[in-house]
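S.K.: Take a look at the letters that make up each chain.
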Amino acid sequence: MKKRVVSLMLCLSMVAGLTACGGDAAGNNSGAADASADSSYVAAGEEGKVINIYCWNDEFRTRVEAVYDKVDHTSDDGTITYLTDGTEIHWTVNPNQDGVYQSKLDEGLLNQATAADDDKIDMFLSETDYVVKYTDAAADVAIPLTDLGIDPETDLADQYDFTKTVASDANGVQRGSTWQACPCLFVYRRDIAQDAFGTDDPDEIHAKVADWATMKASGEELKAKGYYTLAGYADTFRAYGNSISAPWVEEGSTEINVDPQIINWINDSKDWLDAGLLDKNIKGQWTDDWNKAMGSESNVFGFLLPAWGIDFVLNPNWDGEAGAWAVTDGPQAFNWGGSFVHGCVGTDNAEHVKEIMLAVTANKDNLMKITKDYLDFTNTQSGMKEIAEDESFGAEFLGGENPFKYFQPAAASIQMTTLSPYDQGCVELIQSSFSDYFQGQVDFETAKANFEKAIMERYPDITAVNWPE
Amino acid sequence: MKKAKSISRAKYGYLFILPFFVTYFIFSLIPLLDTIRYSFYEYYRSGLRIVGPSFVGFDNYINVMGKDFFTYMGNTFILWIIGFVPQIVIALLLASWFVDVRLKIRCEQFFKVVIYLPNLIMASAFAMLFFTLFSTSGPVNNILTGLGLVKGPIDFMGTPVGTRLLIALMNFLMWFGNTTIMLMAAIMGISPDIFEAASIDGCTPRQSFFHITLPLIRPILTYTLITSLIGGLQMFDVPQILTNGQGNPNRTSYTLIMWLNNLLRAPDYGRAGALSVYLFIVSGILCLVVYKMVNGQDNDAKAEKKAAKKRMKAAKGGKN
Numbered sequence: 001m002k003k004r005v006v007s008l009m010l011c012l013s014m015v016a017g018l019t020a021c022g023g024d025a026a027g028n029n030s031g032a033a034d035a036s037a038d039s040s041y042v043a044a045g046e047e048g049k050v051i052n053i054y055c056w057n058d059e060f061r062t063r064v065e066a067v068y069d070k071v072d073h074t075s076d077d078g079t080i081t082y083l084t085d086g087t088e089i090h091w092t093v094n095p096n097q098d099g100v101y102q103s104k105l106d107e108g109l110l111n112q113a114t115a116a117d118d119d120k121i122d123m124f125l126s127e128t129d130y131v132v133k134y135t136d137a138a139a140d141v142a143i144p145l146t147d148l149g150i151d152p153e154t155d156l157a158d159q160y161d162f163t164k165t166v167a168s169d170a171n172g173v174q175r176g177s178t179w180q181a182c183p184c185l186f187v188y189r190r191d192i193a194q195d196a197f198g199t200d201d202p203d204e205i206h207a208k209v210a211d212w213a214t215m216k217a218s219g220e221e222l223k224a225k226g227y228y229t230l231a232g233y234a235d236t237f238r239a240y241g242n243s244i245s246a247p248w249v250e251e252g253s254t255e256i257n258v259d260p261q262i263i264n265w266i267n268d269s270k271d272w273l274d275a276g277l278l279d280k281n282i283k284g285q286w287t288d289d290w291n292k293a294m295g296s297e298s299n300v301f302g303f304l305l306p307a308w309g310i311d312f313v314l315n316p317n318w319d320g321e322a323g324a325w326a327v328t329d330g331p332q333a334f335n336w337g338g339s340f341v342h343g344c345v346g347t348d349n350a351e352h353v354k355e356i357m358l359a360v361t362a363n364k365d366n367l368m369k370i371t372k373d374y375l376d377f378t379n380t381q382s383g384m385k386e387i388a389e390d391e392s393f394g395a396e397f398l399g400g401e402n403p404f405k406y407f408q409p410a411a412a413s414i415q416m417t418t419l420s421p422y423d424q425g426c427v428e429l430i431q432s433s434f435s436d437y438f439q440g441q442v443d444f445e446t447a448k449a450n451f452e453k454a455i456m457e458r459y460p461d462i463t464a465v466n467w468p469e
Numbered sequence: 001m002k003k004a005k006s007i008s009r010a011k012y013g014y015l016f017i018l019p020f021f022v023t024y025f026i027f028s029l030i031p032l033l034d035t036i037r038y039s040f041y042e043y044y045r046s047g048l049r050i051v052g053p054s055f056v057g058f059d060n061y062i063n064v065m066g067k068d069f070f071t072y073m074g075n076t077f078i079l080w081i082i083g084f085v086p087q088i089v090i091a092l093l094l095a096s097w098f099v100d101v102r103l104k105i106r107c108e109q110f111f112k113v114v115i116y117l118p119n120l121i122m123a124s125a126f127a128m129l130f131f132t133l134f135s136t137s138g139p140v141n142n143i144l145t146g147l148g149l150v151k152g153p154i155d156f157m158g159t160p161v162g163t164r165l166l167i168a169l170m171n172f173l174m175w176f177g178n179t180t181i182m183l184m185a186a187i188m189g190i191s192p193d194i195f196e197a198a199s200i201d202g203c204t205p206r207q208s209f210f211h212i213t214l215p216l217i218r219p220i221l222t223y224t225l226i227t228s229l230i231g232g233l234q235m236f237d238v239p240q241i242l243t244n245g246q247g248n249p250n251r252t253s254y255t256l257i258m259w260l261n262n263l264l265r266a267p268d269y270g271r272a273g274a275l276s277v278y279l280f281i282v283s284g285i286l287c288l289v290v291y292k293m294v295n296g297q298d299n300d301a302k303a304e305k306k307a308a309k310k311r312m313k314a315a316k317g318g319k320n
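Residue numbers (my numbering), protein chains in the order written: chain A, 1 to 469; chain B, 1 to 320.
In short, the hints are calculated from the structure, not lab data. Positions of the beta carbon are idealized from the N, C-alpha and C atoms, including for glycine. Hints should not be assumed to be uniformly reliable.
[What the hints assert, rightly or not] Short, incomplete list of chain A residues facing chain B, as computed with Cβ under 8 angstroms: (1) S103; (2) D289; (3) E457; (4) Y459.
Between the sequences and the hints, there should be enough to build the whole structure, so can you do that?
M.R.: Here is the structure:
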């Protein structure tokens, strides 16, 4: 009897040990800061044979393959790219959603100082939602471009200024670079436009979606024909969320401020959903339902997408003939996303990092190639102006329309001054918490409480959430 | 001679069991103690900044033990119960059918394999599969609308009841085969003489199930209950994947371990440690309760038998 109790307790404590398996990660707090103790960011000596790049999908890989002249070939599974000089690029891919990519990257960065040379992170990508976390001077994980031998003043002179500002720390030191700018447009189905409005002309459709109120009124016409104006409430989030007047979390504060724009999004989304202008079954982005809404069977009229969205999201999900879609200016100009490339402190491949960064984000010919091949809106002011004015350019996917005619002016109005390191969590969790409210499962106050719980779990240092009056 | 006799071979025994204890010590006991230690510290990472560890006493315990703790515990138990009840009922039924000589079920081996198969799939893959199957644009809704049974797609995962039932269904499907096989082994361990004697005495199958099978497999039933309880308390992968880690709608399928997982993602070692310690205590208490309950019944039964014998004797004596 006693033995059995003892063995039971033993089993129990083992189980508890398994439950608590996260605890043993403690103690590795040596930090990446040690690596930067040297005055120079770039290790002297020979270049390593392995370049480790952290990213969250294969977008950057395809761009590197397209424009970096040293690329020989990539393995079939896409994990290793072989360069002609014998160096290998190892891609470490983790999904962006739910902060998975960030936590894997953070772990890698914290172990950077003790990792073997070939295991050290050499480059990593960051998205607009958290780029400020990695360009932060105190964190000091991204190498200032000047230390890599890139002069932002001359080498990146043609880039859009806001992309350079975003990639700089508080002292104005640029620590990253991007090959794209991400103004969003309204992308719509030509056949549905013809059916509902009798025209698919971009200018006439723009008149139908010129602002939110007009768009809602046009939505009623679409609804009468059995179409949804947009797929779901998540599709308008960035329009509101990227025009907030102050960051979610002010520098040095531990309180979240919910902007009145977010409340507008909540109220408008509820309105639109209850009016039947959005598909109730599409509860978010990046889901199967969302992808299917981009197929030929769907009743969704359009999407608010940046250039990468057309190439990287819409195109793969579209199963009809090319040329069925068109773009025009949406109800509001806004920016969504943008991938920044950083050289990682502690790299043993500084020369390659510099080359790749210049090839993918600074070389105008390369950027124009990316634009023409992938329809991406690239980070070259002069190039985008040229292509916007180029009457002969047309995208096959958009039925011969030149989308840059619309993207180029939209890019001019982008402001990105309200970023904080907490954006991804806030953006993801406010959407999932209020999804219950839109679906009629909880009331407004409960949704607010659920957001507060979820955000304080994600970020332990957040002490309060302030809602607008 | 005497000296040779006193050679002890016990040390070889210890040597052989040493690897287990060393592994246990390194991979279970130290992390376990560390967890308890860090539960008294403020220790988390905010982005790339590490805060702590600094001693804060019972702050983490107070922080974790709120209304939410009991809500999530309630969720966990509801999810476990609605999966476990059908699981044990169906498993008992199947086990007694398979073992019953009078039924002569053919291809028994085949069925055993089939009912066990769902257990071989990884829980997360299984949840992924169900997520796709039951999504609003998924095959289940396509079939239902195709057959004209429903007008629009049913949003299975949009209501607390739907989500909870799906989770219970998955847990049931994954574990009923395992339980069936275990119970079969238990039933086969009962001497056939007892069943034979009972049937000669005119015992119906129902009677022999309730009065012979059930009481005699009670130790295995206890074991199933305890393991399932511990497993249920640690329910994680199925609801995590099905609800994308948020337990939505309205956190009604948010289990304790999902909470722990969210705390560890930051990671917040302090609060996660405190929660782990609470879980440890809860599972310890639950196990003791179940264990005591079953053993207590055992003693009761013995006592009852004794009392019955006494009564019989007394009655006989009285007649004389």
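S.K.: Next step is simple, just say for each hint if it's right about the structure.
M.R.: Here's how the hints hold up against the structure:
no., hint, verdict
1, S103, "6 angstroms, holds"
2, D289, "5 angstroms, holds"
3, E457, "4 angstroms, holds"
4, Y459, "6 angstroms, holds"
In terms of the numbered hints stated before, the structure departs from none.
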